[in-house]
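For the sequence shown, the tail end lands on 353 under numbering that gives the first Met the number 0, and the numbers increase by one without skipping.
Hint data in this document are derived by calculation from the structure and do not stem from the laboratory. Glycine included, C-beta positions come from ideal geometry on N, C-alpha and C. Honestly, I wouldn't trust all of these hints.
Estimated spans, in silico, between C-beta atoms of each pair [said to hold, decoys possible]:
(1) R57 to W28: 35 to 45 Å
(2) N245 to R180: 12 to 22 Å
(3) V12 to Y32: 46 to 56 Å
(4) T52 to G26: 53 to 63 Å
(5) Q193 to R278: 15 to 25 Å
(6) T220 to N241: 39 to 49 Å
(7) D210 to R180: 21 to 31 Å
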Amino acid sequence: MAKGKKGEGNTIVIKRIEEGGHGHHGGAWKVAYADFVTAMMAFFLLMWLLNATTAEQRRGLADYFNPTTPISSSTTGTGLPFGGMTINSAGNLTRDMGAVRLERGERPVRAALEDEEDEREVPPIMRRQGPPGREEGNSALVAQAGPGFAPGASAREGEFERRGGGSQADNTARITDASLRLELARREQQAMEQVAEVLRQAVRADPATADLARQLSVEVTPEGLRIQLLDADGRPMFASGNAQPNERTRALIRAVAVAAGRLPNPIHITGHTDSTPFRGEGRSNWELSAERANAARRLLLDAGVLEGRIRSVAGMADREPHLPEQPGAAGNRRVAITLLRQAEPLRAGVSVPR
0 MAKGKKGEGN TIVIKRIEEG GHGHHGGAWK VAYADFVTAM MAFFLLMWLL NATTAEQRRG
60 LADYFNPTTP ISSSTTGTGL PFGGMTINSA GNLTRDMGAV RLERGERPVR AALEDEEDER
120 EVPPIMRRQG PPGREEGNSA LVAQAGPGFA PGASAREGEF ERRGGGSQAD NTARITDASL
180 RLELARREQQ AMEQVAEVLR QAVRADPATA DLARQLSVEV TPEGLRIQLL DADGRPMFAS
240 GNAQPNERTR ALIRAVAVAA GRLPNPIHIT GHTDSTPFRG EGRSNWELSA ERANAARRLL
300 LDAGVLEGRI RSVAGMADRE PHLPEQPGAA GNRRVAITLL RQAEPLRAGV SVPR
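Taking the hints into account, I'd like the entire structure generated from these sequences.
Structure, rendered in structure tokens:
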């Protein structure tokens with residue numbers, strides 16, 4: 000083999016591999032975005048839970064993670080919700096925990112209901128002032144009721160409260176208001192009956208009206224104190240077909256005005272005729288009855304009755320006869336003066352202690 004040239008050797012190839020870090024590709028934002036999406040998911044999950052649960056359930060969840068109520072952990076000694084007891088705990092299915100205990104009362108239920116019904120129908124008169132805020136409103140009513148009425152507490156008030164009927168102040172207020180209404184109705188009834196008797200005696204005692212006592216009808220009705228001036232055969236209050244009162248009618252209405260002045264009640268006046276048709280110059284029993292009622296109104300005002308007390312004046316013609324079986328009788332021709340009630344009338348069978 001021929002030798003190579005002098006000074007020539009094997010060719011040496013040197014391969015150098017330079018390794019270096021690649022440039023930044025910007026991936027850090029993905030981590031931040033992932034954290035943001037995770038937080039938003041947790042936020043919307045929380046919003047959904049708040050909207051899908053009731054207030055009671057939310058309190059239970061909050062107590063589970065952060066016990067705050069005494070029965071949750073502090074009083075049980077376990078440090079766990081529900082005293083550390085679950086449905087799987089031994090014996091929990093037969094425990095009487097949470098059972099409602101019933102105790103026998105002192106009286107039967109029917110008797111208790113009957114007593115409450117009696118209290119609503121006829122509440123006793125109270126002997127103690129009502130709660131603050133009602134004294135000013137009730138003072139005027141108490142003043143009208145008179146010295147014989149003293150608002151106060153009922154003997155059954157404490158018993159009613161013990162049965163769960165409400166607070167003592169509310170019960171006192173309700174019973175006091177009901178007692179006031181009943182007492183004022185009784186007082187008004189008594190006052191009307193007294194005025195009716197005074198009027199009868201005054202008419203009989205006055206020589207100018209003594210012979211008209213039989214033509215005066217005075218009665219206390221659910222509407223109020225009704226005073227009627229009735230015609231009699233041969234003794235009319237008004238001339239036939241006329242609205243001008245005679246002297247006897249004027250004297251009788253003056254006596255009525257004096258009696259009406261003893262009460263503050265509003266006054267309603269109605270005129271009535273018999274069934275005999277009245278015709279003349281386009282007028283009828285309607286016009287005649289209304290004119291006679293208005294004439295009675297003018298006489299009351301002249302006698303001293305305040306105009307503001309006149310509530311209404313009406314003509315009824317022959318629609319409400321005093322003697323329904325005798326529509327043509329003289330007693331149906333009349334003028335009715337009614338002192339209207341201001342308090343609700345007492346119901347039959349209801350009484351108030353005096």
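Checked hints:
The hinted window of 35 to 45 Å between R57 and W28 holds, with their beta carbons roughly 37 Å apart. The hinted range of 12 to 22 Å is not satisfied by N245 and R180, whose Cβ atoms lie roughly 43 Å apart. For V12 and Y32, the hinted distance range of 46 to 56 Å is satisfied, since their beta carbons lie about 49 Å from each other. The hinted window of 53 to 63 Å between T52 and G26 is violated, with their beta carbons roughly 40 Å apart.
Evaluation of the 15 to 25 Å hint for Q193 and R278 yields a failure: the beta carbon distance comes to about 44 Å. Roughly 29 Å separates the CB atoms of T220 and N241, a value that falls outside the hinted 39 to 49 Å. At about 42 Å, the CB distance of D210 to R180 disagrees with the hint of 21 to 31 Å.
The structure shown violates the earlier hints numbered 2, 4, 5, 6 and 7.
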